[in-house]
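Novice: Given next are the chains, with one letter for each unit.
Protein chains: 2
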Amino acid sequence: MKILVAGLGLMGGSMAKSLKRAGYSVDGFDRREVLSLAVKEGAIAAVAEDFSVYDIVFVALPPEAAIRFIDETRFAQNAVVADICGVKGEVESAVYAKPRNFRYVGCHPMTGKEVSGYRNSAEDLFDGASMIVTENEKTDEDAVRLLEDIFVKMGFGLIRHCTAQYHDKKIAYTSQLAHVVSNAYVKSRTADGYVGFTGGSFQDMTRIAGVDEKVWTQLYFYNRENLAEELETLLFELGKYADALRRGDREAFAALLKEGRERKEKLDREK
Amino acid sequence: MKILVAGLGLMGGSMAKSLKRAGYSVDGFDRREVLSLAVKEGAIAAVAEDFSVYDIVFVALPPEAAIRFIDETRFAQNAVVADICGVKGEVESAVYAKPRNFRYVGCHPMTGKEVSGYRNSAEDLFDGASMIVTENEKTDEDAVRLLEDIFVKMGFGLIRHCTAQYHDKKIAYTSQLAHVVSNAYVKSRTADGYVGFTGGSFQDMTRIAGVDEKVWTQLYFYNRENLAEELETLLFELGKYADALRRGDREAFAALLKEGRERKEKLDREK
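As you go down the protein sequences, you meet chains A and B in turn.
Every letter in the first sequence is one number past the one before it in our numbering, and letter 262, counting from 1, is 262.
Position in the second sequence (first residue = 1) + 1000 = our numbering.
If we strip away everything but chain A, and leave its shape as in the complex, we get:
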């Protein structure tokens, strides 16, 4: 089985390393410097030249590049092509916009780091993590089963199945909104000289503030409606606390906190 990982950044590099650890031989494609490092380290067996010889192609490129790559590349007949973008609806739409000779499966590994690039990739990045597989009525079931088997061997701890639309709605909230809040949170001037004035809440709130604006603007705008809706919801909820503070209404404020605490307790029971 010939496998290609296109894009050897943090995620793609980690996929190559994790696949290698699982016993697969993987080829890679990226800029020349990255490729020579990946070959030297043994993360990839060879540099891909003809993309049409692979049984499985993992596309680990930024969203716009991933869509273009899938759209324009000549893959082998019946090849399994799986992207790992953080939004799935737009990729799926682009893939199914015309007939394809390959079998597409949308994937999104639920893990990452605050740093990027091949040099930060690691074979154990996916250990115990969740992998989301998006499907619709056109999805080839054998392709999904083949990938699932590989994902388990790569160390993923949980595989979730859903539609691209369900994925995008969930991710707008669990990940995209969190990154926006974190990115906005650091902008207060009061943050200067915070050292010694926090026991961890501030660090947790701002850990993911430093997003790469190029990649994340693509992700956000491919999921604009969902993200806007979640952001409006949060602004609406936060506005209630501000109102209660302004009015000096302690009871209303306590009721807001209680509602959030009870909601948090309910969510904790889902774990």
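Treat the hints with care, as some may be off.
[Stated by the list, open to error] Below, in silico cross-link-like pairs of lysine to aspartate or glutamate (DMTMM-like), each with a Cα-Cα straight-line distance of 25 Å or less: (1) A:K240 to B:D1243; (2) A:K2 to A:D149; (3) B:K1187 to A:E259; (4) B:K1214 to A:E251; (5) B:K1002 to B:D1140.
[Said to hold, decoys possible] Each pair of labels, with its calculated beta carbon distance range: (6) A:A252 to B:G1157: 36 to 42 Å; (7) B:S1093 to A:D192: 23 to 29 Å; (8) A:I159 to B:E1041: 41 to 47 Å.
[Claimed, not checked] So these bits of chain A aren't anywhere near chain B, every CB distance computed over 12 Å: (9) A46; (10) R100; (11) G193.
To be clear, the hints were calculated from the coordinates, so they are not data collected in a lab.
Computed from a predicted model, the values in this text were never measured in an experiment.
The beta-carbon is built from N, C-alpha and C at its ideal position, and this holds for glycine as well.
Got chain A sorted already, so can you dock chain B onto it with the hints?
Specialist: Below, chain B alone, put in the same frame as chain A:
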């Protein structure tokens, strides 16, 4: 040296245990069930009966109770009385509202847990944490030095000095606002069924959502102006992202993300 810890919840219980580990003998005061457990476990040497016999009294009660306790208790002449409330301005004002025969020092240990109560207290809770000591022109320097010596022996890793006003402004942002955001964040209906749809961002964002509304409403309303200002700042900043999304303005959105990333990188250099 006779030491009392008044209030043996998560923080007070941990103080008693940490003081004991450091070689001090400590008496305690709390509800009867807590006291018998603390005596049985050896966290306190004895139950306090006459509060006027102690050289040092740590007040680890909720804000309103702490202020009342300090105001109404007869302490020994020159006793060092230190509260550990999460707001300092209101406590300090209440203390200095009339002449006192004791020496007051405001303290705030920068650590905690998402759970409360004596049963969750631990001798190592303060290990490596920061302790903020608030002072003004009336503060007794010997009392501060005495406490600092004890804090170092308890395991604190950093001691910061500032005024109560500076403390309250910083804490409104690094801690209080973070708890409000977390408490509001969980309220989206999209949170239901989040398991498998997050790699950690959601957990970090919502870890501290479950605040005790009774204690925290007290803390928030003792620091209402500062918290309101920080919350308005965050609402203003978040509103810019919502506007850019609504307008479909990718460049503006990317610029907002870039500003946040650069700010985060600047703050990380402070560490």
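Novice: Please check whether B:S1093 and A:D192 have a Cβ separation lying inside 23 to 29 Å.
Specialist: holds, 26 Å
Novice: Is the nearest Cβ of chain B still more than 12 Å from the Cβ of A:R100?
Specialist: holds, 27 Å
Novice: Is A:K2 close enough to A:D149, meaning Cα to Cα at most 25 Å?
Specialist: Satisfied, since the Cα-Cα distance of roughly 15 Å is no more than 25 Å.
Novice: Beyond 12 Å from every chain B Cβ: check whether that's true for A:A46.
Specialist: The claim holds: A:A46 sits with its nearest Cβ about 31 Å from chain B, beyond 12 Å.
Novice: Within 25 Å, alpha carbon to alpha carbon, are A:K240 and B:D1243?
Specialist: holds, 20 Å
Novice: Mind checking the alpha carbons of B:K1187 and A:E259 for me, to see if they're no more than 25 Å apart?
Specialist: Holds - the C-alpha atoms of A:E259 and B:K1187 are around 8 Å apart, at most 25 Å.
Novice: Do the alpha carbons of B:K1002 and B:D1140 lie within 25 Å of each other, as the hint requires?
Specialist: holds, 19 Å
Novice: CB of A:I159 to CB of B:E1041, is that within 41 to 47 Å?
Specialist: holds, 45 Å
Novice: Between A:A252 and B:G1157, does the beta-carbon spacing fit 36 to 42 Å?
Specialist: holds, 39 Å
Novice: Does A:E251 lie within 25 Å of B:K1214 when you go C-alpha to C-alpha?
Specialist: The hint holds at about 10 Å.
Novice: If we take the beta carbon of A:G193, is the closest beta carbon in chain B still more than 12 Å away?
Specialist: Given a closest Cβ separation of 7 Å, the condition is violated.
In this structure, the one hint that does not hold is number 11.
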